[in-house]
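Protein chains: 4
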Amino acid sequence: MNDTTQKIESHRKLRLGMVGGGVTAFIGGVHRIASRIDDRFTLVAGALDNDAERGKAFAVAIGIDPDRAYDDFESMIAAEAKREDKVDVISIVTPNFLHFPVAKAALEAGFHVICEKPMTTSLEDAKTLAEVVKRTGKQLFLTHTYTGYPMVRQAREMVASGEIGELRRVQVEYAQDWLAAPDEDPEAATANWRNDPKKAGQGGAIGDIGTHAYNLAAFVAGEEPKEILAELTALVPGRKVDDDAAVLMRYANGAKGTLWASQVVAGNGNNLSLRIYGATGGLEWWQENPEELWYTPLGEPRRLLRRNGVGATPSATAGSRIPVAHPEGYLEAFANLYKDAANALETGGKAELVPGADDGVAGLAFVTACLKSSAEGGVWIAL
Amino acid sequence: MNDTTQKIESHRKLRLGMVGGGVTAFIGGVHRIASRIDDRFTLVAGALDNDAERGKAFAVAIGIDPDRAYDDFESMIAAEAKREDKVDVISIVTPNFLHFPVAKAALEAGFHVICEKPMTTSLEDAKTLAEVVKRTGKQLFLTHTYTGYPMVRQAREMVASGEIGELRRVQVEYAQDWLAAPDEDPEAATANWRNDPKKAGQGGAIGDIGTHAYNLAAFVAGEEPKEILAELTALVPGRKVDDDAAVLMRYANGAKGTLWASQVVAGNGNNLSLRIYGATGGLEWWQENPEELWYTPLGEPRRLLRRNGVGATPSATAGSRIPVAHPEGYLEAFANLYKDAANALETGGKAELVPGADDGVAGLAFVTACLKSSAEGGVWIAL
Amino acid sequence: MNDTTQKIESHRKLRLGMVGGGVTAFIGGVHRIASRIDDRFTLVAGALDNDAERGKAFAVAIGIDPDRAYDDFESMIAAEAKREDKVDVISIVTPNFLHFPVAKAALEAGFHVICEKPMTTSLEDAKTLAEVVKRTGKQLFLTHTYTGYPMVRQAREMVASGEIGELRRVQVEYAQDWLAAPDEDPEAATANWRNDPKKAGQGGAIGDIGTHAYNLAAFVAGEEPKEILAELTALVPGRKVDDDAAVLMRYANGAKGTLWASQVVAGNGNNLSLRIYGATGGLEWWQENPEELWYTPLGEPRRLLRRNGVGATPSATAGSRIPVAHPEGYLEAFANLYKDAANALETGGKAELVPGADDGVAGLAFVTACLKSSAEGGVWIAL
Amino acid sequence: MNDTTQKIESHRKLRLGMVGGGVTAFIGGVHRIASRIDDRFTLVAGALDNDAERGKAFAVAIGIDPDRAYDDFESMIAAEAKREDKVDVISIVTPNFLHFPVAKAALEAGFHVICEKPMTTSLEDAKTLAEVVKRTGKQLFLTHTYTGYPMVRQAREMVASGEIGELRRVQVEYAQDWLAAPDEDPEAATANWRNDPKKAGQGGAIGDIGTHAYNLAAFVAGEEPKEILAELTALVPGRKVDDDAAVLMRYANGAKGTLWASQVVAGNGNNLSLRIYGATGGLEWWQENPEELWYTPLGEPRRLLRRNGVGATPSATAGSRIPVAHPEGYLEAFANLYKDAANALETGGKAELVPGADDGVAGLAFVTACLKSSAEGGVWIAL
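So the sequence lines, in the order shown, correspond to chains A, B, C and D. Under our numbering, the first residue of the first sequence carries the number 1, and numbering increases by one thereafter. Under our numbering, the first residue of the second sequence carries the number 1, and numbering increases by one thereafter. Under our numbering, the first residue of the third sequence carries the number 1, and numbering increases by one thereafter. Under our numbering, the first residue of the fourth sequence carries the number 1, and numbering increases by one thereafter.
Be a bit skeptical, because a hint or two may be false.
For identical chains, the list gives no copy identity; a pair is met inside one copy or between any two copies.
[What the hints assert, rightly or not] When the alpha-carbon atoms are kept at most 25 angstroms apart in a straight line, the in silico BS3-like pairs for lysine-lysine are as follows:
id, residue 1, residue 2
1, Lys199, Lys13
2, Lys240, Lys199
3, Lys372, Lys226
4, Lys13, Lys86
5, Lys240, Lys350
6, Lys226, Lys13
7, Lys240, Lys7
8, Lys127, Lys372
9, Lys226, Lys86
10, Lys240, Lys104
11, Lys226, Lys240
Don't read these hints as lab results, they were simulated from the structure.
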């Protein structure tokens, strides 16, 4: 498995700062690994924790210079802005309610931003942030992880190139069970900020994972629905936000879609899937087995497409590091977002395959519409 | 694999008449095979075709005495009613619009009925027929095939005995692609009466397969939803009835459900599935691999249950003929309906696991509500 | 799903006699169901049990005329031979050691025979029986069930027509666990005659299921190996015959094969599988999911072929009763053997796809060679 | 998904040198990514290519200081040995024939070694190297990648703790198709050094992937077979080394095993699998879907165990970075070897789960025995 055609590439490593992602957080570690996999970033600064001392201790422990281990994001942005060797980009991996203020401050101070989803906790903030992005000319990369999977990118390319014909049906699901037990359960307590609308934003499952499902469907379909109708439910007794959401969707051309997101269905780990059908074929993908993509051309046998295998599209190949059947996974999908961001920042171009501020606005618009539809008893709402 | 405990059983073979199921029909042959598998019926009379001569020729060819090969159902019922050795039960496998008049006439002439679904083409007729059943004291067995699968019956028993806890979520889907091509396509022309509302009844996919999905979910859940909202669509240009249906469902206890039926999604053969989740576990079943049932108790590893395997419930064992891992399929599921009907007729009891007139009414009520909901733009309707 | 091209066919029902298959036996019931599914046979005579009274009572209970419920096979053959309406064919479903004497007597009395595998318990007997078949001109159908599966037949056709290129590799496995517990275990006691070399013949797993695997591989490959090397083991302490067998195989063209049969590996129900690879492609099939056949043309994506689906070959279509994705199973595979036998007997032709006496000889030759190879410490033996 | 119990850990980053792994090589990139994922190594020195100029250019391009980009391994070892900040460990990712001289030189110069498999190209060299390891007191980590998968480690722990009972059957397979086309095919030419016995060592498939399969089985079983019999074949016409190998194995307690390795079977990407059965249960694992492990306790339903899910053993949890159902893959498995090596070097202890020099000797002994067995016509050889 030598590749004699490989050319030597060289890149300046980008300097990365991070807000959030302290020792107790899951997603911060994911971002750090993702930033390292392709060796395009060095983490040099951080305000990692709302407990400033713990945050600084952790920053130093993971190799950040003590001078650049900050108490909070404000001091980090202020101090970095003055440095010669200032960070190029700031990753925001805080609880949801901080995404907006941190991102706004960072952008306005001249930094690019890599931001966890949801971009903000309100549609208004999202629109504001999109304007800040436009005004500052800085880039905002929104880490909708699942768009980083090569087979998702291949699906998008195949839809765009007409392999399934005109869009007909979208079935997207995101099922989990980690909130299936009532909240007084000690295990579920780890989920706390997500269940607090002030910190997580409105919407429980619809915001936390429904937005991922929505983004995935739009990313692959190449379009968003025009109208939605949502049924949001707190299926676990006593829960204050929805933990289950069913959404019907209408597309401009008459195609239809269904989105289901639930965090309370036993036996589902991180069961995100997309099935998308057109007039002449379909594509089916499951996140838990992300290396495979089923292609179902009408009137032909089902074909199992595999990452970096026969028929791989350019975006799928570009997003692969190792040969077919040597599984890549979630961290590599995440790393693709970081790698694409690095390429965009290096060239000054756009990261075509990485969601940005507009997608963040779309996500918030979707959640807002779902909340409104459900609050009104389950009615159709234009997006 | 000897079973030394087996007792010798003996049964009188029931005399079976059939209406519909001529040489060109698919479902008539299925009923005949199903009636033979367990050797409880003999087909002795038939009015098999709207082309009377062809019907009689076919009847004789498949072993029916020429005297009992009838021109039409009226003459069959009239003649059989006068015979000493009259048929015990009449199977109705005609196009949908004939189910009602044939069943009504048969019941009123004193015959039991095995009827293809949908029981009738209107809710009004369904209610009438249920009254006829009650008045005549005769039995009507509605062949919702999928309730005959042992693992579906096991799922029902497991739900009833509390293995998944209080109902929380129902996901039921029935996806096909045999109507995916436009109707001018010669292949799709074979589907003609189904696309003619006068013969098939109102509702396309919702009536043809949506009712199966609805019945399956109700059979396993042990309850029906209280309210539904339906989005019916003709996704193939020019089609007059819906070929795709998405339905949201609300249950009395606050549980929620989604039903999706489509006949136009490439790569789906007869892809009926049910996933049902409660507070403490879930069950997942796919018709195309009917021997397996996933059981997902909350907080434990997923378990793969198999027909006639470890943990089989009484109804699943009773519905099995051969050992675990020797696949039974659709015809055996169908045969279970016939066998249960035979047992009920022999003992004069009820066939607890075979849908009857009430389920037929429920199916029509569901379709009627879906049509109304969709016609009004997608609104909630009480059932 | 109407089929307007269907022609009316008519057949005389063949009269079937049965030896073995009493109330405690599994395989007799399978044969009876298989004989009914396509309505080509009527069971009219039987000597069903070594307990003559129980056998006659059971025969009457399942609808055989008391006059034709016989004490033993000798009296059945003698009496039937004198009748005008004598049976056309006799099914032999006894313990293995009786296959030979019953088949020989039946053939010599002028009856066709449907015989369970293994055809005999010694290679010598097998050769004798093949000569009897030749001499009498009667037919012997050997029920290697798995050759009745449509996707197995399709695989055979695809290999024959060059779809995988020149044969390269055969991997065939047959794994079960029903003998995994030691024999003193009451559950395993049901297996008794199989563990008695006098009744089952030499060879435990190699004879009981290894022969199925061998036959399946030869059926699909279209050829048998020239040399084998076998490692037979009694893995369960105290067992007298092998319960696990690994066999290496060498084909004439240099292709290689491995056969594994085991009855003691936990979690395997009836896990027969065949993977066969040639220079330009491969085919993979699993008995527990028999409706699917993977086709892996070299340099193209894997394709999932389905019974009666796109790309079905003539033999697969002929062996199907219902549309794609409505699962057929083991009983229908078995019924295909009966249906093909009926067609052959009706026309006086050969049942090309049903194993016969030559295959029976080949199976015994294989088992004999395996026993010899293993007894000599694991050496290569020419077949 | 916060983890409030996480403690802050801090580690000195180990200095890593690399021999081999130039711009055209696949495995060098894998090692570099694996070394970065957990942030325990910094690549500071390299002799990356037999084309010294290209190697140095590439080293600089990937961030190695020009002073430490060496012409060849001899100069790298000599120069590094004199540095204060010398490398802690040297990764060897050259073609096979260089593993021995580089590893020997590195160890004798006082460096720890991370070595690609096979450890050497002859059993004699392997034994020599094991002595060098013992004599120098330095560590050698052999990157049998697949032992780094958490579910493989879990399987090992489950076997060791008696969850499947006494060993009964091992089925291990490693099937690929990347050498399925004849060697004159330009695509296959990339495989060149592997097909040259001088560079790859004796043995084609048996050495390249058979050793992985053998190591995997031994790792999980906790023991090696006592005798083997091998059938090595060059299935592709004109090939000089084996591209397909079947091996029978006998264990000390009477258990049996079969190993199959092939690089020429169409449709197989990197299809390594292990099924291991004992007296009371079994475990089944497939590399292409590495997050799942089937556990089949005798007499209970199959259970699907998942990485970091319910029932995870300590080694599986320790080898996981992200929650269940967020797929980790090949690179993370590889990273586990690097992380374990880092932990061992940091503490001066052993990396219990990382194969070492003894496993390297065992692998060469296995290949040597297979070559001998096959050369002698397929005979049993004691290991």
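Hint check:
| no. | hint | result |
| --- | --- | --- |
| 1 | Lys199 to Lys13 | neither (34 angstroms within a copy, 36 angstroms between copies) |
| 2 | Lys240 to Lys199 | within (13 angstroms within a copy, 49 angstroms between copies) |
| 3 | Lys372 to Lys226 | both (15 angstroms within a copy, 23 angstroms between copies) |
| 4 | Lys13 to Lys86 | both (13 angstroms within a copy, 24 angstroms between copies) |
| 5 | Lys240 to Lys350 | neither (40 angstroms within a copy, 45 angstroms between copies) |
| 6 | Lys226 to Lys13 | neither (42 angstroms within a copy, 52 angstroms between copies) |
| 7 | Lys240 to Lys7 | neither (55 angstroms within a copy, 31 angstroms between copies) |
| 8 | Lys127 to Lys372 | within (18 angstroms within a copy, 39 angstroms between copies) |
| 9 | Lys226 to Lys86 | neither (43 angstroms within a copy, 61 angstroms between copies) |
| 10 | Lys240 to Lys104 | neither (29 angstroms within a copy, 52 angstroms between copies) |
| 11 | Lys226 to Lys240 | between (29 angstroms within a copy, 24 angstroms between copies) |
Checked against the numbered hints above, the structure breaks hints 1, 5, 6, 7, 9, 10 and satisfies the rest.
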